[in-house]
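J.: Take the sequences, apply the hints, and build the full model.
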Amino acid sequence: DGGITQSPKYLFRKEGQNVTLSCEQNLNHDAMYWYRQDPGQGLRLIYYSQIVNDFQKGDIAEGYSVSREKKESFPLTVTSAQKNPTAFYLCASRNDRDHNEQFFGPGTRLTVL
Amino acid sequence: AQSVTQLGSHVSVSEGALVLLRCNYSSSVPPYLFWYVQYPNQGLQLLLKYTSAATLVKGINGFEAEFKKSETSFHLTKPSAHMSDAAEYFCAVSGLSGSARQLTFGSGTQLTVLP
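Chains A and B, in that order, are what the protein sequence lines are.
Quick note: the first sequence uses the working numbering, first residue 70, plus one each step.
Quick note: the second sequence uses the working numbering, first residue 25, plus one each step.
Honestly, I wouldn't trust all of these hints.
Claimed, not checked - Now the in silico label distances, taken between C-beta atoms and shown as ranges:
| hint | chain 1 | residue 1 | chain 2 | residue 2 | range |
| --- | --- | --- | --- | --- | --- |
| 1 | B | 76 | A | 128 | 23 to 31 Å |
| 2 | A | 71 | B | 77 | 22 to 30 Å |
| 3 | B | 54 | A | 164 | 47 to 55 Å |
| 4 | B | 52 | A | 180 | 35 to 43 Å |
| 5 | A | 85 | B | 94 | 49 to 57 Å |
| 6 | A | 71 | B | 76 | 36 to 44 Å |
| 7 | A | 152 | B | 25 | 22 to 30 Å |
| 8 | B | 38 | A | 131 | 24 to 32 Å |
| 9 | A | 109 | B | 103 | 27 to 35 Å |
| 10 | A | 85 | B | 101 | 44 to 52 Å |
| 11 | A | 155 | B | 85 | 25 to 33 Å |
| 12 | A | 82 | B | 104 | 41 to 49 Å |
| 13 | B | 42 | A | 152 | 42 to 50 Å |
| 14 | A | 149 | B | 66 | 25 to 33 Å |
Claimed, not checked - Just so you have them, the derived chain A footprint on chain B, three or more residues with Cβ under 8 Å:
| hint | segment |
| --- | --- |
| 15 | 36-46 |
| 16 | 65-73 |
No lab work stands behind these hints, which were simulated from the structure alone.
Beta carbons: idealized from backbone N, C-alpha and C, even for Gly.
T.: In structure tokens:
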């Protein structure tokens, strides 16, 4: 089955530590996205990548970094510079052959202690 | 630029009652429109999408939405609510090309179904 996987589902880290969230897709999509979701709020775009080796900042990129070395993978690093990293993180990919529909992974809940 | 407004951050209905979740959009080009559902601690799942083929779009779980260009609306409805419909619902808009292909999401509507 094609889809998007995110790991781990739950992640706990101490304040001041960097942490990397994994996102893998086998849908052969070019574009991938990272969103942050806080309770009672919608989705806020952190970073996106239209193609391998290229990515752009979204609305709330400060304190985050990404890489896109392979089409299938788009990991997100939450750095110690992110002031309030506790949140639910969603990865998505876009199907350019079907009206820009985005497919979402199951999410990673990050808690910084 | 494109934007989405979802009226009502919380909606409560009784089981068996009509579900109506409102979405209005703004787009400078003919849009694609989407409704997604999110259950607690899960990712978003596509309910339905408008791609200009038909103004009345049927989706999964008995939901449907009607595209009304004159009202710039894409409201989501379901004739009879089930307890399992309790979730958060997001409306989103996308343009046809370039940076507009990104989805712009509304702030979401939390649906509660009362027994």
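J.: Does each hint fit the structure? Answer for all of them.
T.: The hints, checked one at a time:
{"no.": "1", "hint": "76/B x 128/A: 23 to 31 Å", "in the structure": "28 Å, holds"}
{"no.": "2", "hint": "71/A x 77/B: 22 to 30 Å", "in the structure": "24 Å, holds"}
{"no.": "3", "hint": "54/B x 164/A: 47 to 55 Å", "in the structure": "19 Å, violated"}
{"no.": "4", "hint": "52/B x 180/A: 35 to 43 Å", "in the structure": "40 Å, holds"}
{"no.": "5", "hint": "85/A x 94/B: 49 to 57 Å", "in the structure": "54 Å, holds"}
{"no.": "6", "hint": "71/A x 76/B: 36 to 44 Å", "in the structure": "26 Å, violated"}
{"no.": "7", "hint": "152/A x 25/B: 22 to 30 Å", "in the structure": "28 Å, holds"}
{"no.": "8", "hint": "38/B x 131/A: 24 to 32 Å", "in the structure": "44 Å, violated"}
{"no.": "9", "hint": "109/A x 103/B: 27 to 35 Å", "in the structure": "28 Å, holds"}
{"no.": "10", "hint": "85/A x 101/B: 44 to 52 Å", "in the structure": "48 Å, holds"}
{"no.": "11", "hint": "155/A x 85/B: 25 to 33 Å", "in the structure": "32 Å, holds"}
{"no.": "12", "hint": "82/A x 104/B: 41 to 49 Å", "in the structure": "45 Å, holds"}
{"no.": "13", "hint": "42/B x 152/A: 42 to 50 Å", "in the structure": "43 Å, holds"}
{"no.": "14", "hint": "149/A x 66/B: 25 to 33 Å", "in the structure": "29 Å, holds"}
{"no.": "15", "hint": "36-46", "in the structure": "violated (count 0)"}
{"no.": "16", "hint": "65-73", "in the structure": "holds (count 7)"}
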